[in-house]
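Colleague: Sequence:
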Amino acid sequence: MTSPDNSNAQSGNSKPLKIGWFSTGRGEGSYGLLESALKAIDSGDLPAELAFVFVNRVKGQTKRTDRFLELVESRGIPLVTLSSRDFRRSHDNKPWAELREAFDQAAIELLRPHSADIAVHAGYMLIAPLLCSEYLTLNLHPALPGGTIGMWQQAVWDVITYDLDETGAMIHVSTEEVDEGPVLSTTTFGVKGGAFTPLWDEVSHADLVALKENPGEALPLFKAIREAGVLRERPLLIETLKAVAQGRIDPAGSGEIIDLTPEVEAVVANL
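Just so it is clear: in the sequence shown, position 254 is 254 by full-length UniProt numbering, and no numbers are missing.
What the hints contain is simulated information worked out from the structure, not anything from laboratory work.
It cannot be assumed that every hint is accurate.
[To be verified] Per label pair, the in silico range of CB-to-CB distance:
1) A195 - P145: 24 to 32 Å
2) N93 - G193: 44 to 52 Å
3) R88 - G193: 43 to 51 Å
4) A195 - F87: 42 to 50 Å
5) K223 - A269: 16 to 24 Å
6) V58 - D163: 42 to 50 Å
7) T197 - R112: 49 to 57 Å
8) P182 - P215: 31 to 39 Å
9) P215 - P95: 44 to 52 Å
10) K212 - K63: 23 to 31 Å
11) I257 - N214: 34 to 42 Å
12) A195 - P215: 17 to 25 Å
13) R88 - A269: 40 to 48 Å
[Claimed, not checked] In silico DSSO-like cross-links for lysine-lysine, where the CA-CA straight-line distance does not exceed 30 Å:
14) K39 - K223
15) K63 - K223
16) K63 - K39
17) K242 - K18
18) K59 - K39
19) K18 - K59
20) K192 - K63
21) K63 - K94
22) K18 - K63
23) K223 - K192
24) K15 - K59
25) K212 - K223
26) K39 - K242
27) K39 - K18
28) K242 - K15
29) K212 - K242
30) K39 - K15
Fair warning: this is a prediction, and the values are worked out from it, not measured in the lab.
Even for Gly, the Cβ is constructed at its ideal location relative to N, Cα and C.
When you get a sec, could you build the whole thing from the sequences and use the hints?
Modeller: Structure follows, in structure tokens:
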């Protein structure tokens with residue numbers, strides 16, 4: 001496992017943090033995270049460089065992924081692709097649980113020519129135990145510590161189901177236990193009051209099981225919570241990477257959890 005050398009950042013003679021970026025590149029969220037990182041690097045706000053981008057899809061699988069791949073290529077960033085779909089097909093469509101380690105090993109071999117201080121899973125939709133052993137890996141999770149484990153959709157539904165006043169996101173170290181590695185940073189935001197009030201009123205007496213079926217993710221409250229989260233996930237990731245590069249956060253997760261809500265809200269206020 002590799003880890004960043006932050007001594008230069010702490011002494012003022014910093015060198016760019018080399019980041020390996022893992023993504024499935026399947027939608028606007030993944031694209032936006034990468035785009036935000038590139039903008040922060042270009043502006044000098046994030047003293048880092050992308051050592052490589054790994055995508056578990058290849059060109060031609062989906063238009064959205066193609067757009068993501070084109071962004072990487074347009075910037076001259078080393079791009080490594082390995083289709084998890086094709087990998088499974090070539091292994092008799094065995095259950096993914098039986099193929100996960102073999103896929104990780106194949107990915108690691110493809111990435112041998114590249115080195116990185118840390119890796120980031122930003123919209124990477126695979127559980128990757130071997131990759132987490134090979135790289136010190138940070139993961140963006142759309143819930144607060146002790147909250148939802150799993151996909152962002154479940155995190156939003158949990159906010160509605162449990163009538164929560166606030167929610168948030170965190171950056172944690174990826175481990176073999178999904179979404180349970182050491183937490184590095186968090187951001188929190190409210191989901192009550194203001195524009196949220198009429199949206200909560202709409203569901204106050206509704207059958208939540210029925211709402212999940214229809215309208216599902218088109219439910220205005222669901223969309224509003226998700227949009228508020230997405231606005232904050234990007235600056236949370238950038239601010240966390242910046243803190244790692246500057247030596248303010250130990251990427252191994254041995255320090256205290258840092259609340260980056262003020263920094264994140266300052267970015268959101270200027271959007």
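Colleague: Would the hint linking K223 and K192 be met if the CA-CA limit is 30 Å?
Modeller: With Cα atoms ~14 Å apart, K223 and K192 stay inside 30 Å; holds.
Colleague: Holds or violated: K39 and K242, Cα atoms, limit 30 Å.
Modeller: holds (13 Å)
Colleague: Could one say that the CB atoms of R88 and G193 fall in the range 43 to 51 Å?
Modeller: holds (46 Å)
Colleague: Could one say that the CB atoms of K212 and K63 fall in the range 23 to 31 Å?
Modeller: Since the Cβ atoms of K212 and K63 sit about 28 Å apart, the hinted range of 23 to 31 Å holds.
Colleague: Would you say the C-beta atoms of I257 and N214 sit inside 34 to 42 Å of each other?
Modeller: holds (39 Å)
Colleague: Within 31 to 39 Å or not, the Cβ separation of P182 and P215?
Modeller: holds (38 Å)
Colleague: Hint check: K18 vs K63, CA-CA at most 30 Å. Holds or violated?
Modeller: holds (29 Å)
Colleague: Go ahead and decide if the range 40 to 48 Å is satisfied by the Cβ distance of R88 to A269.
Modeller: Once the Cβ atoms are compared, 44 Å apart, the range 40 to 48 Å for A269 and R88 holds.
Colleague: Check the following: the C-beta atoms of V58 and D163 are separated by a distance inside 42 to 50 Å.
Modeller: About 43 Å separates the Cβ atoms of V58 and D163, which means 42 to 50 Å holds.
Colleague: Would you say the C-beta atoms of T197 and R112 sit inside 49 to 57 Å of each other?
Modeller: holds (54 Å)
Colleague: Does the Cβ-Cβ separation between A195 and F87 fall within 42 to 50 Å?
Modeller: holds (44 Å)
Colleague: Between A195 and P145, does the C-beta distance stay in 24 to 32 Å?
Modeller: holds (27 Å)
The structure is inconsistent with the numbered hints 9, 20, 24 and 29, although it conforms to all the rest.
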